[in-house]
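*Asks:* Residue numbers (my numbering), protein chains in the order written: chain L, 6 to 242; chain B, 1118 to 1410.
Don't read these hints as lab results, they were simulated from the structure.
Predicted model only: the values in this text are computed from it and were never measured.
No residue lacks a Cβ here, since even glycine has one placed at the ideal position from N, Cα and C.
There's no promise every hint is true.
[What the hints assert, rightly or not] Some chain L residues near chain B, calculated using beta-carbon distances under 7 Å:
| hint | residue |
| --- | --- |
| 1 | Pro74 |
| 2 | Gly93 |
| 3 | Lys105 |
[Said to hold, decoys possible] Cβ pair distances, simulated, as ranges:
| hint | chain 1 | residue 1 | chain 2 | residue 2 | range |
| --- | --- | --- | --- | --- | --- |
| 4 | B | Ala1208 | L | Gln179 | 55 to 65 Å |
| 5 | B | Gln1276 | L | His191 | 23 to 33 Å |
| 6 | L | Glu233 | B | Leu1209 | 55 to 65 Å |
| 7 | L | His191 | B | Ile1220 | 30 to 40 Å |
| 8 | B | Ile1216 | L | Ala22 | 50 to 60 Å |
| 9 | B | Arg1397 | L | Gly192 | 34 to 44 Å |
| 10 | L | Lys71 | B | Phe1182 | 55 to 65 Å |
| 11 | B | Thr1245 | L | Gly91 | 51 to 61 Å |
The residues making up each chain are set out below.
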Amino acid sequence: MQVPLLELEDVEARYGAVRALHGITLDVGERQVVSVLGANGAGKTTTLRAISGTVRRSGGLRFDGKALPRSPEAVARLGIAHVPEGRGTFAELSVDENLKLGAYTRRDRSGYASDYEEVLKHFPWLAERRDQQAGTLSGGEQQMLALARAFMARPRLILVDEPSLGLAPLIVKQLFDVLRTWIDEHGMSALVVEQNANVALEHSERGYVLEVGRVAVEGTADELRGNESVRKSYLGY
Amino acid sequence: MADVLQQVVSGIASGGVYALLALALVLIYRSTGVVNFAQGEMAMFSTFVCWELLDRGLPYWVAFFLTLAISFVGGVLIERLVIHTVSRSQALTVVTVTIGLLILLNGAAAWIWKGEQRTLENPFPSDTFDVGGVVIAAQDIGIIGVSLAIVVVLWAFLQRTRVGLALRAAALNPESSRLHGVRVSWMLALGWGLAAVLGAVAGILVAPTQGSFDQNLMLPVLIFAFAAAVLGGLDSPIGAVVGGVVLGVVLNLVGAYIDFFADLRLPAALLLILGILLLRPNGLFGRSVVRRV
């Protein structure tokens, strides 16, 4: 069997004395979108933070077969882009500068230019707002900008935290469509944390359901949709 | 009228020096949220380094740029070895540490250079030009020119380069910057290095205008620079420059026409700081940022 791009094995994480993850085991394969579902406080966000190194963690974390470094900078430089809770917008900087920061770890100028063009194709409104202060964008626009920043890094894996939070259903669908398209076209993978299980599973190959810091159910998107307790608790039918 | 213009030009020159030191304060305030009280003493120390290099026979501009390089390394080292170790503490702790640095640098300079009065070589001729009846000192033009050049270079670095962008990003949103691969803690050190360079230029420019100097050279200049930074808005680089120039011109004009005011310049600057902090804490250019969530 092929080695997965990302593997977590019995990962624990804590905020001070409070343990948020009690041994998470999951993996993300090449060219896959994997969703992490669960209620508030189940440890979804913490799982992403454990991967990117923004929370203290222990256990096995491997990316491309190698142990993940501890610092967020080093994780980012390996090709993991984290679109965090709150979107990570550089509010005082222009839209253009935000995109440049997305590509901070890159050295290839021509690749940057072509990716910039491609990002503008997906989000045409960015072009006319290049010089606008990013903090003045609407929530949905900032979420798109956050995705665009992640794309600009040309990562191998994108971690996305609750892209649907506070956004209209139409925008949520658009976001997921763009994410899916970009990932397929560029051979990337994504791990998406989401409360909106319907949209997430629709765009994913596989999923995990977390309950109080543990994996409760895992399977393909179809398996999860067919699981009665998952359906009742998270899909709402 | 010519007389007034003359005072304005020399006011801009001293304002340029305030602006440089104010910029240094703003640079550090933006990235760490604290006022670096040691900024003036770092500048004074750099000035002594320049004096020492000149005393050992180096040509002026070689000594000048060598001092800037040494100051940069010194600033980075101070951040790495001192400030970084308390960076997770409360702002008050960091401020206290910078006051400690102030005393330490002042004492060290007095010890190394024996507390004697020294004279720093003046790079500019003592000529004056007559422009339509206005007498302008070459020294003032030189100071304005060097200050302006430094400000432009700094602006270009911050606005036009990849590292400059990362430096600003690290100050504005450190957490998000790290997720983009920016080594935030090194950006802070870089900021301290740049601030030290700005201070060094300010010290080297101001020392010759005083005739002679000792380890207390920068104490009053720091007060004026602080007033300039507060006037412009502590988080605004443009504000620091404008604040510095405005302060320099106003103090010079008032000082020239009101006899007793010359002695009251420092208290006036302190009063200005107090007044602005009470009435308009963001200063003239301090931004309140629009944020939507």
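*Asks:* Next step is simple, just say for each hint if it's right about the structure.
*Replies:* Hint-by-hint comparison with the structure:
With its C-beta approaching chain B no nearer than about 12 Å, proline 74(L) sits outside the 7 Å limit, and its interface hint is violated. Satisfaction of the interface hint for glycine 93(L) is found here, the shortest Cβ-Cβ separation to chain B being roughly 4 Å, below the 7 Å cut-off. The criterion of a C-beta within 7 Å of any C-beta in chain B is met by lysine 105(L), whose closest approach is roughly 6 Å, and the hint holds. Between alanine 1208(B) and glutamine 179(L) the Cβ separation comes to about 42 Å, which falls outside the hinted range of 55 to 65 Å.
At about 31 Å, the CB distance of glutamine 1276(B) to histidine 191(L) agrees with the hint of 23 to 33 Å. Checking the proposed 55 to 65 Å range against glutamate 233(L) and leucine 1209(B) shows it holds: the Cβ atoms sit about 57 Å from each other. Checking the proposed 30 to 40 Å range against histidine 191(L) and isoleucine 1220(B) shows it is violated: the Cβ atoms sit about 57 Å from each other. Between isoleucine 1216(B) and alanine 22(L) the C-beta distance comes to about 35 Å, which lies outside the given range of 50 to 60 Å.
For arginine 1397(B) and glycine 192(L), the Cβ-Cβ distance of about 54 Å falls outside the hinted range of 34 to 44 Å, so the restraint is violated. For lysine 71(L) and phenylalanine 1182(B), the Cβ-Cβ distance of about 44 Å falls outside the hinted range of 55 to 65 Å, so the restraint is violated. Evaluation of the 51 to 61 Å hint for threonine 1245(B) and glycine 91(L) yields a pass: the beta carbon distance comes to about 59 Å.
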